[in-house]
Amino acid sequence: MWMTRLTAAAALVLALATCGDNQSPYEPWILDPLTPAEGLWIRTPEFDVAPGAEIQYCYFFQVPAQTDGTLWVDRIELALNPGSHHMNLFRVKTLRGLKPEDGSPVDLGGVQGTEIREGECWKSPNWADWPLVANNQQSSIDNPIFEWALPTGVAQKLDAGEMLMLQIHYVNAATQDTPFKGRGGVNLHRSTDGDTMELGTLFATQQNIRICRSNPAPTYGGGCAMPQGTHTVAAANGHFHSRGKRFSIFAWDGVSTTRPPDSARFYQSEAWAEPDMATGLNVQLPQGGGIYWTCEYQWSEPADGCAALDEKDPLHANDCCYTFGPKVETSEHCNVFLYYWPKTTDVTCF
Amino acid sequence: MLLAARGAALAALALAACSDPPAPCLGDCTLPIELAPTGLREGDLVDLADGGTVDIRPPDQGGFVIYVGVRAKNVHARGGSVSGALRGLSGGPTLTIEERPAAFVLRADGWAIPESAFQDQPNLPVCGPVPGPADFDQTAWQAVLAFRDSDGRTASTMVTVQPRCWGWAAVDCQCSCQFDQTGPCVPDDGDASVDAPLAIDAGVDAP
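Protein chains in written order, with this note's numbering: chain E, 901 to 1250; chain C, 39 to 245.
Derived from the structure by calculation, the hints contain no laboratory data. Each residue gets a CB set at the ideal place from its N, CA and C atoms; glycine is no exception. Watch out, some of these pointers could steer you wrong.
Okay, the calculated bits of chain C under chain E, using three or more residues with CB under 8 Å as the criterion [what the hints assert, rightly or not]:
hint	region
1	120-133
2	154-161
Just a sample of chain C residues kept apart from chain E, beta carbon distances all over 10 Å, derived [unchecked claim]:
hint	residue
3	Thr68
4	Ala74
5	Asp85
6	Ala87
7	Asp147
8	Gln176
9	Ala193
10	Cys213
11	Pro222
12	Cys223
From the derived model, a few chain E residues whose C-beta atoms are all more than 10 Å from chain C [said to hold, decoys possible]:
hint	residue
13	Ala1049
14	Pro1051
15	Asp1093
16	Lys1243
Same shape as in the complex, but just chain E:
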């Protein structure tokens, strides 16, 4: 009898241990710090993500002084504790409501920086013209580190003194779970083999979207033209929230006024929480063309009812509509993150 009880108690302890509370033992990811000769590294502090919470933190830091004024990066490592919705690294350009000098000092390991939690860090117009440097949406326990070696001869160019911003979004609610603490890390490895082809990035978003009870399976699509020249896509990923069912990116000829054929599609993902980051694509975009992307959605009943959605619906349609916004629980996105070479300019479409 006592043996049975002991076995049951042990099973209970084991079950509780696997439930994922913040006290559970967790084997943290490790990224080795880089010497200045090896590149640039940062680690965010650990932070709590309370049950029911969605948080977004912004970390500002400058690219340290470089011998020749430039840091060429040809390998990127991005690491996240489980539960992250996204981590984006931007170049800071026009300052609006989100400013590095308004942040609190923070030790980021390889550099010192400032940190702004919530508030302006949620407001996307603040970084509307801030070019993307790198992004990661992969934060599973089994696969916490995303590593990308850029194509041969290609590197990301960062200038000494350039201000960067790392943004991390964590969710611990109905749609995503943060079982431990939040934390992110970045290693930007210096190119040492003479790469001179600069990597460019493209960020595109469909912002005026509605996924409503009365029209539960809408599709939104849009095109984004590249600057003049010939461009090769090296990597891409899509981003939406839990109503997102299929994300597709196509090569677009820059002339057609309709969606490109399926044969032009080079990216597709049906995983909203951990969308695939496709690397090694080597897709030649048509001269004078660009990309076309589509987001297909399926409406679902919100866990907490429709009141919050109806309240923020600009049309006041009372139709339980998810509209554009950063909160995973109550809004939707339709964003493209794309990396190409050779860089002509940073491209944004919205």
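With chain E's structure known, arrange chain C on it following the hints.
Chain C in isolation, oriented as in the chain E frame:
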């Protein structure tokens, strides 16, 4: 055997009851789809004739867009989509393109019009990072507009539009819309509209 057949029949009935009814036709769907261009002007949904002006506005995320679309007749509007593209008057490269679901309301005269001028007309990005060959707000462009109804029938139309910076962000808009941004930005006083707003108050929800 009989029970199994009855069960299958009941299951089929139940499934049929769960699926959406077919979208009703707005007009006469044995006739070709009719389209007429629409756009947003000074905050109102208006019919567009060639050369008509449309607002350039700053949406939530940043940047600038114009809103151009269609009103339609003889369509199954529910579950349909509308697309728009912008290019030069002589054709050539398409500068911007967008496709979105179309929610329409039925007007008393039998035309289905966009329920929302912002949500149910293509939002076409212009200015700023969009690689235009000239000042967006000082140039006329060709808008190519298409409609696909829930039966997969399509129709398209074209209209020449003149985007204009309008509203609280007009100065920022004019500077952002300059093709040559190497010199100083000198905003002008803009222009006035003449098109009449579409009456939507007589409309009923298109199913």
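Status of the hints after comparison with the structure:
With 7 residues having a beta carbon nearer than 8 Å to a beta carbon of chain E, the region 120-133 of chain C meets the requirement of three or more and the stated coverage holds. Using a Cβ-Cβ cut-off of 8 Å, 4 residues of the region 154-161 of chain C lie near chain E, which meets the minimum of three, so the contact claim holds. Every Cβ of chain E is farther than 10 Å from the Cβ of C/Thr68; the closest lies at roughly 25 Å, confirming the non-interface assignment. In this structure C/Ala74 is separated from chain E by more than 10 Å, as the shortest Cβ-Cβ distance comes to about 18 Å.
Chain E leaves C/Asp85 outside its interface by the beta-carbon criterion, the shortest separation being 21 Å against a cut-off of 10 Å. Non-interface call for C/Ala87 relative to chain E: holds, since the shortest CB-CB distance, roughly 21 Å, exceeds 10 Å. Every CB of chain E is more than 10 Å from the CB of C/Asp147 (nearest about 24 Å), matching its label as outside the interface. The beta carbon of C/Gln176 is kept farther than 10 Å from every beta carbon of chain E, the shortest such distance being approximately 20 Å.
Under the 10 Å C-beta cut-off, the non-interface status given to C/Ala193 relative to chain E holds; the minimum distance is some 13 Å. With a least beta-carbon separation of about 12 Å from chain E, C/Cys213 lies farther than 10 Å from that chain, consistent with its non-interface assignment. With 10 Å as the threshold on Cβ separation, the claim that C/Pro222 sits away from chain E holds: the shortest Cβ distance comes to roughly 17 Å. With a least beta-carbon separation of about 14 Å from chain E, C/Cys223 lies farther than 10 Å from that chain, consistent with its non-interface assignment.
With a least beta-carbon separation of about 29 Å from chain C, E/Ala1049 lies farther than 10 Å from that chain, consistent with its non-interface assignment. With a cut of 10 Å on Cβ distances, E/Pro1051 stays outside the contact zone with chain C, its closest approach being about 24 Å. With a closest Cβ-Cβ approach of about 32 Å to chain C, E/Asp1093 is found to remain outside the 10 Å limit, as its non-interface label requires. The claim that E/Lys1243 lies off the interface holds: its Cβ sits roughly 14 Å from the closest Cβ of chain C, which is beyond the 10 Å cut-off.
The structure meets every hint from the earlier list without exception.
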